[in-house]
Amino acid sequence: MRNPMQTSMTLILAKHGLPSAIVEALHLQAKQAPPPSPWMGEGGDGGEKFDDPTPTSVLPRQRGRNVCCGLLLLVLVVLFLGACGQRAPAPTAEVVVVSRPAIPADPGDAAWQDVPVHASPLLLQDMVEPRLLTASTGGVHVRAITDGTRVAFRIDWKDGTKDDLPGAARFSDAVAVQLPTTAGADAPAPQMGEKGRPVEVTFWRAAWQATVDGRPDSIAELYPGASVDHYPFDAASLEKGSKVQQEMAARYAPALALGNRMAGPRERPVEDLVAEGPGTLTTAKATDSNGRGRRTETGWSVVISRKLPQGLEPGKRSQVAFAVWEGSHQEAGARKMRTGWIPIVVEAKK
Amino acid sequence: MARVFNWQIGREMSYWYPESRPKKQFAAIFDINKCIACQTCTLACKTTWTSGKGQEYMLWNNVESKPYGFYPLAWDLKLLKELGPQGWERGAYQGRTIFEAAAAGERVLGWRPTDLDYANPNVGEDDCAGVIENGANLTVPHAVWFFYLARICNHCTYPACLASCPRGSIYKRPEDGIVLVDQGRCRGYQECVKACPYKKVFYNPMTGTSEKCIACYPKMEANLQPQCFVNCIGKIRMAGWISRPEKAQADNPIDYLVHVKKVALPLFPQFGLEPNVYYIPPVHVPVPFLHQMFGPGVDHAIQTYRAASADPDLAGLLGLFGCTEQVVPRWRRQGDAVIGMDESGREILRVPMREPIYILPAFDARYGVVRTNCP
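Each protein sequence line maps, in turn, to chains A and B. Counting with this note's numbering, you get residues 971 to 1320 for the letters of the first sequence. Counting with this note's numbering, you get residues 95 to 469 for the letters of the second sequence.
In short, the hints are calculated from the structure, not lab data. Mixed in with the good hints there might be a few duds.
[What the hints assert, rightly or not] Within a straight-line C-alpha distance of at most 25 Å, the following computed SDA-like cross-link-like pairs (lysine to any residue) qualify:
hint : chain 1 : residue 1 : chain 2 : residue 2
1    : A       : K1165     : B       : Y111
2    : B       : K140      : A       : L1228
3    : B       : K118      : B       : P235
4    : B       : K140      : A       : M1218
5    : A       : K1210     : B       : K140
Keep in mind that this is a model prediction, so the values were computed, not measured.
Model the full assembly from the supplied sequences, consistent with the hints where possible.
Spelled out as structure tokens, the structure:
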């Protein structure tokens, strides 16, 4: 059960930008879910509130600290607060891309701690069939860092179920970042762009992350009891990895043979795509972006990094949009929770 | 939604795209009365096309026992239940198709099978529709019944898979009407799996795309019948091309059986897809069950089929089934022979109406042995 006293303490501490280890220690004492966010958004269905799932929960967990230790820390914290009076960045009305010497690759990187957070509720994709008519994910919290040439977004959202296995009627949790190909205030339609006015999408999928993290792509991973008599391309007469063997394997995987990125091989958990309107999403010539997603106590924390789009330089503004797919809700493709365009500004280089 | 004409339900209906019929339409006839459920067709398909990783559970061709066999589980019953009772009147369907019954936000009324639904491909095999009472003996008609239903993709005129794909990854080839999933474009949303009422699109978890029966198009392009047709032990199948009813040609075997004799019927025409695999219904099954499955043409089809022995053209044409690997687009009967021809009228094969009977003497003098047909 949640202890209201401890909740409010950790909340105050988080707001004041305390060292994360201190906040974490207090969190763990309370042995409770992270506290509700001070910045609450409206859920996609117009009523649901969503909490900030992010505070420090992606950091390594340290259990076993005792109450005394926590109290000691609290005293130190109060002293610290009094000494510096520092406050965490307030939630922003737009996505502020802060400038740093390097962009972090991991959502648990300490570099994210003092980056301003933009909280955005998610809307139903109820414009184009097939529509999503029942809301799932309430909102996302977005942080962004640039090194002057690339930009990394950290997107956090609440998700009670981890869905990263492929299969019949199984869908993967996923998130995407969308930016107009040409930066500017006059963005194309937020629903995947318009003909002649493309958008660039970088898509992260939990199932791909699992593959990149080492889960083999085999039926035995999905069904441990499965047994397969024989695959023709695994015949003993064929030298494994030989040209002949690989050609034969490709014949039984037409999507792979055609170079469909859905079929792998998977080196990154993300894919770059372009679109000029609903239904036109197409794989980009190459995937330059990268990503890393981690399961948190309450959901997902995902970093998607890509090059700054054309015209979106330090000091310039553009638009950005996000979408989240909830696997357990059978969401894929057009069935998603999404934002409209959100203003994005790149901080001038320090 | 556009308005299109579906001759199988005798009326216009709503469809996601405007009517656009191919130059030729792939079609097939399955004579259910001849199927013995040996599954040779299933294996022919499996070994040819779906031996890859992620395709383990796929059966682009399957044979199930009706009424209790399904692959996937209850594929037809679930949709019939969702659609609810609907009716026909004088050959025209009065109810709603799955396009017309789609809920708000959906393109098609459908449901998506889970892995458990695919877990029992031989469920209900050889189960009778009813209990065999103690003391029951064989009478005609049979006291209880079942029949085998061989199924492939119907390469529908109005495919639900194609209508449901939000990114246009499924297409119907204008040259032959074969429906294909573009494996280069599919992103595995499984909308088609949900939409296809026959559940003949399958998601491949290893390639992340959905796959389906391709009517062995490389063979059809070479005027050869698909693998499941030519490997059929019971010779129940014929592949070819179907015309619209008003353009039916009696010398086209498919047209003759579907449009002229009306002995072969579409599977669940009420769903509204204008499927292009046509079934000669089983003659020993209660007609109400068949009405639900094949529409109002059942009575006429059974009557015609039962009378085939007195109809040399019909009986002769049925004899062409399974006699050649080649597609036979034209045919004619000449006395006691049935001739299959190509488009130009060139003879492909000639089959006698009755196989000649040879009576051999019990003792073979040449080899000095007694012939016997007893083990």
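Comparing the hints with the structure gives:
Restraint check for K1165 (chain A) and Y111 (chain B): the C-alpha separation of about 20 Å stays at or below 25 Å, so the hint holds. With a C-alpha separation of about 21 Å, the suggested pair K140 (chain B) and L1228 (chain A) falls inside the 25 Å cut-off, and the hint holds. Proximity of K118 (chain B) to P235 (chain B) is assessed by CA-CA distance (about 40 Å); at most 25 Å being required, the pair is judged violated. Proximity of K140 (chain B) to M1218 (chain A) is assessed by CA-CA distance (about 16 Å); at most 25 Å being required, the pair is judged to hold.
A threshold of 25 Å between alpha carbons decides the hint, and for K1210 (chain A) with K140 (chain B) the separation of about 23 Å falls inside it, so the pair holds.
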